[in-house]
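Enquirer: Single-letter residue listing:
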Amino acid sequence: MLANGIYTLWKKHMIKMQSAEVSGFVIQPILWLVLFGVGMASLVTTSGTGEYIGFMAPGIIALSALGGATAGGAVWQTERLRGMVREYLVAPIPKLSILGGNVASTVTKGLIQGIIIFVVSLLMGATLSNNPINLIGGLAAALLFTIGFSGIALAFASLTDSPGGFHTMILLLNLPLLFASNALYPIKILPTWLQIVAYANPTTYAISGIRDLVYKTSTFPGSDIALWIDFVVLFAFAILGLLFSQYAFKKSLP
Amino acid sequence: MNTLAIETKDLKKTYDGKIYAVDGIDLQVEKNTVLALLGPNGAGKTTTISMLVTLITPSSGQAKILGYDLTKDSKNIRKKIGVTFQEMAIDDQLTGQQVLEIHGKLYGMKGSELKSAVDEIFDLIELQEVRNKKVKSYSGGMKRRLELGRALLTKPEILFLDEPTLGVDVQTRAKIWDYIIKLKKEYGMTIILTTHYMDEAQSLADKVEIIDHGKIITQGTVEELIESLGSDIIKLEISGDSASLVKKLKALDFVDQVTSHDGWIQVGVDNSDTRVVPLIQSVIQQGYSISNLNIKKPSLGEVFFKYTGRELRE
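Top to bottom, those sequences are chains L and X.
Note that our numbering has the first sequence beginning at 1, numbered continuously upward.
Note that our numbering has the second sequence beginning at 1, numbered continuously upward.
Just so you know, the hints here were simulated from the structure itself, not pulled from any lab data.
Among these hints, one or two may not hold up.
Simulated restraints on C-beta separations [as the list claims (entries may be wrong)]:
#1 28/L to 170/X: 46 to 56 angstroms
#2 80/X to 81/L: 27 to 37 angstroms
#3 67/X to 171/L: 47 to 57 angstroms
#4 163/L to 4/X: 38 to 48 angstroms
#5 254/L to 280/X: 52 to 62 angstroms
#6 7/L to 97/X: 15 to 25 angstroms
Calculated lysine-lysine pairs in the BS3-like style (CA-CA distance at most 30 angstroms, straight line) [what the hints assert, rightly or not]:
#7 250/L to 207/X
#8 95/L to 235/X
#9 95/L to 110/X
#10 95/L to 155/X
#11 9/X to 11/L
#12 250/L to 72/X
#13 16/L to 235/X
#14 250/L to 75/X
#15 16/L to 12/X
#16 207/X to 248/X
Footprint (simulated), chain L over chain X, 3 or more residues, beta carbon under 8 angstroms [said to hold, decoys possible]:
#17 197-209
#18 295-309
From a predicted model like this one, the values you see are computed outputs, not experimental measurements.
Note that beta-carbon positions come from the ideal geometry of N, C-alpha and C, so glycine has one too.
Build out the structure end to end from the sequences listed, making use of the hints.
Expert: Right, here's the structure in full:
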């Protein structure tokens, strides 16, 4: 019944997912790539825009995963505030499957957005790694990061009863996570205090993993974090995100 | 064989340990009957239903639904009940068809079983033509019918309806009443409904529990409750202290019962046509003046007034 509940709710959210929901959240990351990426590339490299796009795309993929997680959290909040969740609560499915279904659909939305950005980055000239296993590894890193962030978004959506409040919380995280990480510049050029913040930021590890596995750049250095560390941190982040969402979810039930 | 669908003993729900939303409710509901919980807003009807459908946990007391313990066997209970909520809980971004399909799947229905159940429900609630339209295009009455259909999809043994006709137009209301009567007759369903419409309780319920301040203040069949008042009701508005007058009126041999609240005295008599004049004479003889008088055939409204001293208004 757990799997059935998760699958049914996931499917419901996929049916409900409107094109506006995806496009609304994906436009901002695309603008980052197109406007910021192109401008910045001409400043930092002479070997073509694609080089810097390849460097920057992992950060923007992380940013778009955040957008997808926000969309999923907003759906959960609406269902909760409008009382639709009561239909699930009186159904013979475990309560955990309600959370599970929401996590599954939220993660799916995050990944869809990440993949859109991935495709855009290729169109803009980024070079891919030749090894298909690396691509799967990159997808795994993106998945773990998205799970962790979906957990946070769902937890916020459980804890706040105001749709405005929820979006404000997510927006507050949005830019610091991007800037205080290795998304736009190599970590080593940052001042020490910002390096500390960047190393404490889980986004750094998602970017590091995706960057090392998926894209090939010759002028930009790879990440200086070992791949296994990326995955250990991302795995822990995913677990913590899920635990946080479970705690908040339980608090939000009648 | 146990003939009780629901049995509760001293069921309570408190918030913060001191506010009693439900303050010790005892219910015994026979299978294949319609029970109405009648009471004003805030009386504890929705809290009672919420406990019985396993949505919230009781603070104390016991309850058995279809023989299952409410707190230990909630999963088995959920499989066998259907619920509609007071505030509509339907996703208007889906089509009617999708709403029913998703609901069925949550209950483990699939394939042809689900398909034929969905078809049957759209026939019953007469929404075949709009089944593939988004719910947001439905009128309020259509949404209510869809919600009722959703609760019926899994063929529940007990159906809980929390204010099923709140805010719907007259035609929809009549339709929903028809469905309820049909469900009891043809499907042998047990139905628990809450309402603050007296005519609804009177038309549908085999038994009525009147609830106020979280307690059942009286219960019985509609006929029993009305009979307890006498065959006719005369209501008088008088000025001054009515306590001694009530005593005098009670002593009259044609008076069945007398209650008084806020300047109004409600007198149950065997026949209002012949008793109204002697009654007025007795009141005036006691030195009271009557500023208002009306005569009614008793209904649940008068029963409610008798026990709570308040009119039950919408």
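Enquirer: Flag every earlier hint the structure violates by its number, smallest first.
Expert: 7, 8, 11, 13, 15, 16, 17, 18
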